[in-house]
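Build the full structure now, drawing on both the sequences and the hints.
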Amino acid sequence: MSVQYLKEAAITGDHDRLLRYVRLHLGDGNEDAGRKEIDKAWVEALKLLLDVPPTDREFILGAIDRQSAATLAHLFFHLHFYFVQRSGEWIHDGQL
Amino acid sequence: MMDNSEGAQLRPGLWDTVNERYPGSMIVSADDVALVPLTRPIREARVAFVSSAGVQPRGTLPFDVVHPVGDYSFRRVPSTSRVEDLEIHQLKYPTDGAARDLNVIFPIERLQELAAEGAIGGLTPEFFSFIGYNMDPVSFERTLAQELADAVVAEQPDVVLLAPA
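Residue numbers (the working numbering), protein chains in the order written: chain A, 1 to 96; chain B, 1001 to 1165.
Among the clues, some could well be false.
To be verified - With a straight-line Cα cutoff of 27 Å, these simulated BS3-like cross-link-like pairs (lysine-lysine) come out:
| id | chain 1 | residue 1 | chain 2 | residue 2 |
| --- | --- | --- | --- | --- |
| 1 | A | 7 | A | 36 |
| 2 | B | 1092 | A | 7 |
| 3 | B | 1092 | A | 40 |
| 4 | A | 36 | A | 47 |
| 5 | A | 36 | B | 1092 |
It is worth saying that the hints were derived from the structure and are not from the lab.
Pasting the structure below:
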């Protein structure tokens, strides 16, 4: 999907088209795989917090406060792959 | 040995569905650059190498393989590099073989050998690499392709070897 195709979807509120693109990206061209990858990342993140370990909320809030929305969106994609890699189940052909 | 017949594709039908899965992502240009004849014998020709394999010198900023729209930057790879000084950042193709021998995707040692043997005239000081996951053909053509072309021309090659990943 070209960026123009996605921008049109964003303007018209066609979220299904945008979501499909995200799933295709995260699933290396396989939408079902992408859906599972999203779930996998959330499960991995949740598992890390079940024991309520100490976390650096000042860092988190500071980053949210100081960084641009675009940088945080970029970080969001980085975090997805971080947690997927951490899960130990790597479906991608290559490496980060 | 891997069977290279069509039935042995890792992802059968992949290319049949590219336009369905990624509509509008294919570059369609009416301004194809014509091939030009070689102006000197290959034994005298200076060769540049351009690859979309995502190969880069260790320690340089990794290619952005997580960005949903792609990475429109390129890396310079000194043609004198040793393979152990290089690494791959790429999600979209199997890198197992390249991890065992980088030359299967980025044949830098073979080119160094050809230059040493005199089969080619020499190598440009810099080779170039980028990643192929770029979903904005317009940005690709106007930024990465243009900047990369300028950088290659500055190396004054007689031949440019292009290798997709």
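Results of checking the hints against the structure:
no., hint, in the structure
1, A:7 / A:36, "holds (25 Å)"
2, B:1092 / A:7, "holds (24 Å)"
3, B:1092 / A:40, "holds (19 Å)"
4, A:36 / A:47, "holds (16 Å)"
5, A:36 / B:1092, "holds (18 Å)"
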